[in-house]
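Residues per chain, in single letters:
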Amino acid sequence: MYRMIIKRLIMLIPVLLGISFILFTIMYFTPGDAARLLLGDSASEEAVEALREQLGLNGGFFERYFDYIGNIILHGDFGISYRTRNPVFTEVFTRFHYTLRLALTAIIISSVLGVLFGILSAVRQYSIADNVITAVTLFLTSMPDFWLGMMLIIIFAVNLKVLPISGASSWECFILPGFTAAANYLANTIRMTRSSMLETIRMDYVRTARAKGVPEKKVIFGHTLKNALMPIVTLVGVNMGWQLGGTIIIEQVFGIPGIGSLMIQSIRMKDTPVVIGCIMFIAFLSSLINLATDIIYAYIDPRIRAQYVTKKAVKA
Amino acid sequence: MSDLIYTKGLKKYFKTPRGMLHAVDDINLTIPAGKTLGVVGESGCGKSTLGRTMIRLIDATEGSVMFEGKDINTFNKKEMKEFCKEAQMIFQDPYSSINPRMSVAQLIAEPMIVCKTVSGKKELEERVKQLMDTVGLAPRFYYSYPHELDGGRRQRIGVARALALDPKFVVCDEPVSALDVSIQAQILNLLMDLQDQHQLAYMFITHDLSVVKHISHRIMVMYLGECIEYAETDELYENPLHPYTKALLNAIPIPQLGAKKNIETISGELKSPIEPAPGCRFAPRCPYAKPECMNEKIREIQITPTHKVACTLYY
Amino acid sequence: MMAKSKNIAVSPNEETHEVKRRGQIAQIWFRFRKNKMAFAGLIIFGLLVLVAATAPLYLNFERDVIQQNIMDRFQGPSAEHIFGTDQFGRDIFKRVLWGARVSMSVGIGVVVVSLGGGAILGSISGYFGGMLDNVIMRICDMFLAIPGTLLAIALVSAFGNSIPNLMLALGISTMPKMSRIVRSSVLTLKNQEFIEAARSCGTSNARIIIRHILPNAIGPIIVEGTLSVARSIISVASMSFIGLGIQPPNPEWGAMLSEAKTQMINYPYLVYAPGISIVLTVMSLTLIGDGLRDALDPKMKN
Amino acid sequence: MANEKLLEIKDLHVVYHTDEDDVYAVNDLTLSLDKGQTLGLVGETGAGKTTTCLSILRLLPDKIGEVTGGSIRFNGKDILGISEEEMRDIRGQEIAMIFQDPMSSLNPVYTVGYQIAEALKYHSTEYKTEQEIEKRVEEMLALVGITPERKNDYPHQFSGGMKQRVVIAMALACDPKLLLADEPTTALDVTIQAQVLKLINELKDKLKTAVVLVTHDLGIVAETCDSVAVMYAGTVIEGGPIETIFGGENHHPYTVGLFGSIPNLKVKTKRLSPIEGLMPDPADLPKGCAFSPRCPKCMDICRTTEPPKVFEGEHMIKCHLFNMNKEVEA
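Protein chains in written order, with our numbering: chain A, 358 to 673; chain B, 4 to 318; chain C, 50 to 351; chain D, 33 to 362.
I should point out that these hints are in silico values taken from the structure, not numbers from a laboratory. We put the CB at the ideal spot given by N, CA and C, even for glycine. Where hints are given, some of them may not hold.
[Unchecked claim] Here are some chain C residues pointing at chain B (derived, C-beta under 10 Å):
id : residue
1  : 241
2  : 242
3  : 248
4  : 250
5  : 296
6  : 297
7  : 298
8  : 342
[What the hints assert, rightly or not] List time: in silico BS3-like cross-link candidates among lysine-lysine, alpha-carbon distance up to 25 Å:
id : chain 1 : residue 1 : chain 2 : residue 2
9  : B       : 171       : B       : 132
10 : D       : 95        : C       : 85
11 : B       : 88        : B       : 38
12 : B       : 249       : D       : 230
13 : B       : 38        : D       : 302
14 : B       : 18        : B       : 274
15 : B       : 274       : B       : 300
16 : B       : 84        : B       : 14
17 : B       : 80        : B       : 125
18 : B       : 300       : B       : 124
19 : D       : 42        : D       : 67
20 : A       : 575       : D       : 67
21 : C       : 239       : B       : 18
22 : C       : 239       : B       : 88
23 : D       : 167       : A       : 575
24 : B       : 293       : B       : 249
25 : D       : 95        : D       : 153
26 : D       : 240       : A       : 575
27 : D       : 153       : B       : 274
28 : A       : 583       : D       : 153
29 : D       : 230       : D       : 209
30 : A       : 518       : C       : 239
31 : A       : 575       : D       : 153
32 : D       : 95        : A       : 574
33 : B       : 249       : B       : 171
34 : B       : 80        : B       : 11
35 : C       : 239       : C       : 226
36 : C       : 239       : B       : 84
37 : B       : 14        : B       : 38
38 : B       : 81        : C       : 239
39 : D       : 95        : C       : 83
40 : A       : 364       : B       : 18
Given the sequences, and given the hints that come with them, work out the whole structure.
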């Protein structure tokens, strides 16, 4: 097991390097000059040139890239933001907790409700409840999240005045954004749970359990759900990864100063170190979540557990 | 009797994460023109892989397959194309072996278009109709799609496709095992009639000992990639020598009352053919196993001119 | 050699028993039509396309859609302006109608880019396998690790803000996912026995891909394409919403919502019409896609 | 012991409602089985064998499969009439079922020991405490030739033949009176099939369990069964004690065809004599006798009128051919 975890972490390195290279290339070819953007149009040419020198913007493409990567590898230094001159790490962490709070709210709402409604929908296939859930699901997937956010603001903040319109100062601020961010993933989770349950319910071993006289509750929540859980766990894991980097637009709607807002600002200001830093951070977190997903897999499914064990045994 | 196709020391190994898988290990066989060699074995014994190496759908790891005196493994692209016309294959699954997006006519015409054996649309159409007639498909199915047909008719398409290029040799990979008994008998009769008419040589791969007896002239019994017994059909059924062959024959239920009172079974199950231990691969299940069975490679013993067995009991 | 032989083993009822015969397309259409929701989706989408395609016949782009009438600003819904007017006094109904043109064409453009690239990469990767497959898939993995919206934002900033660049940016950011879908469907097909059967009579790789793999893979690809147009329309709207997509005064639905954002607290009706248009379009496409999936493969239905 | 009826099915009709058609899977099926006896249910794919078994357990797919007529009596109880609760008590405890594919019959996420124990947990009055159940599980594993230590292993650690042994142990754990075995050896290799058949034979003698053995293989029937029912298009077309089916002179043309289709190991035949044509579409059954379109001895009456059941002692043939001078059941 430990061997597997370490192997996976090592495999992450080339992916992160690849991501940094892709993003660096894109940012490099983006028109505009970070130094000029920072100082504004009124600054003198000399001042701009001096800042450019200071930020190391004058080197060639490869020189700058290897400089950047070298610093990360040798000193663990992700550089400083061109815009604020703070270390990238500080920039990311002062913003990250907002995004994390939003993502966690969303993931809890979407997973809990999604799995519950999904099971209900599958167990009572073709019933009224199933039809209603399916219709709501369809509606949720068809809605752009920013529009849903706007509608929720109009209803709950403007008309009913029960929740704040925007900001991130208190926990109430995260209710509307949380639901908005959850909507799409909720729909996906319901769909996936439903189809996975329906597929598993048709398996021979479920029929065998029924033929043994196992009570229906036990058949559904024991024999079926445990097997149907696999794709759902994957989906929740993937959703979580996407949530961390995918709330950009919702942060804009609700004025939350999270990592998404930071990235948009940084792209506009050509603040390359922050952009790359943010995304590598998100990618790293997503990979950790994937790893956790695989560990949960091994916990649920003895076949997968056995794979890790035999691998270890063969090597030992 | 001229040998149409024969193999010498044919081997096919696959690399797997757990080591070398010996799918086909040192097989020597001959098939005369117009005759049938039955290849029998349980699942995982390498019989399908053997069939595919016979027409070079898979390249052999070692050894040679000689067709009309030439080694097919040395053929270049052009020679391969010529060889395709001589050697064809009928596949096991009448569902997955037929392209669902092509009509019956297109399916049967495909090999002839690819190999350019016919000139002109008219001739092609005529030939397809003639083939459909040969395998017993009514002309009204000409424009049908496979999903409209049942397994038996689909398998007839497979037979027609294999015959389209007028081959001399056809590998039949379990052509009836996916079919119901009554349909199975129809296809078996068809295959036997076609052999008589066209002097086809078959390699008939199956796990069903009663089917193979019915259709074959010679039989090869395989166990974990190796040939363990090789004989004329009558000889094999009257006088099975290898303990595994005996066990196989013993295991078939006979549809007659009182045909067999005591079912004698061999214990254990097939091991995996990955990195097999030296010696007889059947030894772990064999009731007669002796210490020497485990040590060295088992030699093939020629019992009569047409009967070989690989077992230490006959040393 | 192949002498004309008499019928062997044709069953006696072979000639008399009539089978149900229907062409393949007709059969898919038959199953699709039986699915009420999907059929409703098709009708809605058909109407929307009709409206979008004929918009220039009854609307003048400059006069009806772009021109500002400050005198008429912020008029609530009325008989004259069904959906009211915006902050520049333009009729929202007319802008929404014209917006259908923009949203749909850009959405389809995005899918053409991502599906085109994805189909080529995915089929090469799936069919030939080996090193090539490894390289393509590892690169896809890297792109997949970057949040899609963000990648699109970065790409638009790099390419410069224009409609073709937007399509390219969104197309590239969804291409890795598309490649994976195409690759997996090619991989499943590649291992089917009928591909082996084709190879056994010396069929060339090109012919196998064109004659045998593509016709079988096309169904799932069309389904994925339809659903992907739906998603792209949302992505385009999102990009426009944060100001990196289609620029005002061009009446794309997302851009309209972006303009409405600052006013919505006082004039919430600005938000309704463009949003509902998006929902309607996306929903109809989703219904069509799901319906097609069931019609193409009845076994998958549940 | 003999003549004590355990299972009696009368005029059973089962319909599957699919999107496109109504499929008539079982039509007017009548069967009976005495205590401790073995009945072979023979027929090809789509003959309705599995559907019959599922109807006995009331496990037809929800909302799709429906019993539209007839009765099933088990041990004197009307199975179709009792509540779901009562039915659950019968399942596993009094009637157990083995499915065709051992690979998919075991739940991959539970140990085999747990899966065997499950039936005991919900039913057994004899084995109540944890220790008693544990002991019974070990006993059952030993009975089917698996070392009891393996009870904590998961299904994926067993080979196909071993899995089927586990399935058998699971089915027999509560000492059921009736075992429904649906093609229990079809998915296995011949040598393994022989092992499993031998095991089933030994166990049914030892435990005095009645068995309905569903198979398409007449050889297996000859080796294990006391009586036979040959099914075609959802109904029994010939049935009776095994001697009357494998011996005797009068047979249904379909039975004759089935025997003619099998290459016989003992007898040398040049050509097989198969049944021409195909199984009828169960959504669109021919009028009269369902076999008439394929029957070599088809008469005019066969195409219009359903054949009667003709009895000759315990031997039943459902065919117009034998209608002439025998007693007829109305």
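Here is how each hint holds up against the structure:
Among the interface hints, the one on residue 241 (chain C) holds; its C-beta lies about 5 Å from the nearest C-beta in chain B, closer than the 10 Å criterion. With a cut of 10 Å, the hint placing residue 242 (chain C) at the interface with chain B holds, because the nearest CB-to-CB distance is about 4 Å. Restraint check, residue 248 (chain C) versus chain B: the minimum CB separation of about 6 Å is within 10 Å; hint holds. Among the interface hints, the one on residue 250 (chain C) holds; its C-beta lies about 4 Å from the nearest C-beta in chain B, closer than the 10 Å criterion.
Nearest Cβ of chain B to the Cβ of residue 296 (chain C): about 45 Å, over the 10 Å cut. The hint is violated. Evaluation of the residue 297 (chain C) hint against chain B yields a violated restraint, the C-beta minimum of about 48 Å exceeding 10 Å. Proximity of residue 298 (chain C) to chain B is violated relative to the hint, the smallest CB-CB distance being about 48 Å (cut-off 10 Å). Below 10 Å, beta-carbon pairs count as interface contacts, and residue 342 (chain C) has none with chain B, the closest being about 16 Å; its hint is therefore violated.
As the CA atoms of residue 171 (chain B) and residue 132 (chain B) are separated by approximately 21 Å, the hinted pair is consistent with the 25 Å bound. Only pairs whose Cα atoms come within 25 Å are accepted, and residue 95 (chain D) paired with residue 85 (chain C) is accepted, the gap being roughly 21 Å. With a C-alpha separation of about 18 Å, the suggested pair residue 88 (chain B) and residue 38 (chain B) falls inside the 25 Å cut-off, and the hint holds. Of the pairs offered as hints, the one joining residue 249 (chain B) and residue 230 (chain D) holds, with about 17 Å between alpha carbons and a cut-off of 25 Å not exceeded.
Taking the CA atoms of residue 38 (chain B) and residue 302 (chain D), the gap is near 15 Å; set against the 25 Å cutoff, the hint holds. A C-alpha spacing of about 17 Å is found between residue 18 (chain B) and residue 274 (chain B), which places the hinted pair at or below 25 Å, so the restraint holds. Pair hint residue 274 (chain B) plus residue 300 (chain B) holds up; C-alpha atoms about 17 Å apart against a cutoff of 25 Å. Restraint check for residue 84 (chain B) and residue 14 (chain B): the C-alpha separation of about 23 Å stays at or below 25 Å, so the hint holds.
Restraint check for residue 80 (chain B) and residue 125 (chain B): not satisfied, since their Cα atoms lie roughly 29 Å apart, outside the 25 Å limit. Between residue 300 (chain B) and residue 124 (chain B) the CA atoms are separated by roughly 57 Å; this puts the pair beyond 25 Å, and the hint is violated. Taking the CA atoms of residue 42 (chain D) and residue 67 (chain D), the gap is about 17 Å. The hint holds against a cut of 25 Å. The suggested pairing of residue 575 (chain A) with residue 67 (chain D) is violated, with an alpha-carbon distance near 32 Å, which exceeds 25 Å.
At most 25 Å may separate the alpha-carbon atoms for a hinted pair to count; residue 239 (chain C) and residue 18 (chain B) meet this at roughly 20 Å. Restraint check: the Cα-Cα separation between residue 239 (chain C) and residue 88 (chain B) comes to about 23 Å, which is no more than 25 Å; the hinted pair holds. At most 25 Å may separate the alpha-carbon atoms for a hinted pair to count; residue 167 (chain D) and residue 575 (chain A) meet this at roughly 23 Å. For the given pair, residue 293 (chain B) sits about 18 Å from residue 249 (chain B) by alpha-carbon distance, which is consistent with the 25 Å threshold.
Of the supplied pair hints, the one linking residue 95 (chain D) and residue 153 (chain D) is violated, its CA atoms being roughly 29 Å apart against a limit of 25 Å. Restraint check for residue 240 (chain D) and residue 575 (chain A): the C-alpha separation of about 31 Å exceeds 25 Å, so the hint is violated. Taken as a hint, the residue 153 (chain D) and residue 274 (chain B) pair is broken in the structure, with Cα atoms around 36 Å apart against an allowance of 25 Å. Distance restraint check for residue 583 (chain A) and residue 153 (chain D): the Cα-Cα separation of roughly 20 Å lies within the 25 Å cut-off, and the hinted pair is therefore satisfied.
Simply put, residue 230 (chain D) and residue 209 (chain D) have alpha-carbon atoms about 20 Å apart, close enough for the 25 Å limit, and the pair holds. Straight-line distance between C-alpha atoms of residue 518 (chain A) and residue 239 (chain C) comes to about 59 Å, which puts the hinted pair past the 25 Å bound. Pair hint residue 575 (chain A) plus residue 153 (chain D) holds up; C-alpha atoms about 12 Å apart against a cutoff of 25 Å. Simply put, residue 95 (chain D) and residue 574 (chain A) have alpha-carbon atoms about 19 Å apart, close enough for the 25 Å limit, and the pair holds.
Between the alpha carbons of residue 249 (chain B) and residue 171 (chain B) the distance comes to roughly 33 Å, so the proposed pair goes past 25 Å and is violated. For a cut-off of 25 Å, the pair hint linking residue 80 (chain B) to residue 11 (chain B) stands: about 22 Å separates their Cα positions. Taken as a hint, the residue 239 (chain C) and residue 226 (chain C) pair is honoured in the structure, with Cα atoms around 20 Å apart against an allowance of 25 Å. Pair hint residue 239 (chain C) plus residue 84 (chain B) holds up; C-alpha atoms about 21 Å apart against a cutoff of 25 Å.
Taken as a hint, the residue 14 (chain B) and residue 38 (chain B) pair is honoured in the structure, with Cα atoms around 23 Å apart against an allowance of 25 Å. For the suggested pair residue 81 (chain B) and residue 239 (chain C), the alpha carbons sit about 24 Å apart, so the restraint of at most 25 Å is met. Between residue 95 (chain D) and residue 83 (chain C), the direct Cα distance comes to roughly 20 Å. Compliance with the 25 Å bound is thereby established for this hinted pair. A distance of roughly 23 Å separates the Cα atoms of residue 364 (chain A) and residue 18 (chain B); the hinted pair therefore holds under the 25 Å criterion.
Going down the numbered hints, you'll see the structure goes against 5, 6, 7, 8, 17, 18, 20, 25, 26, 27, 30 and 33, while the others check out.
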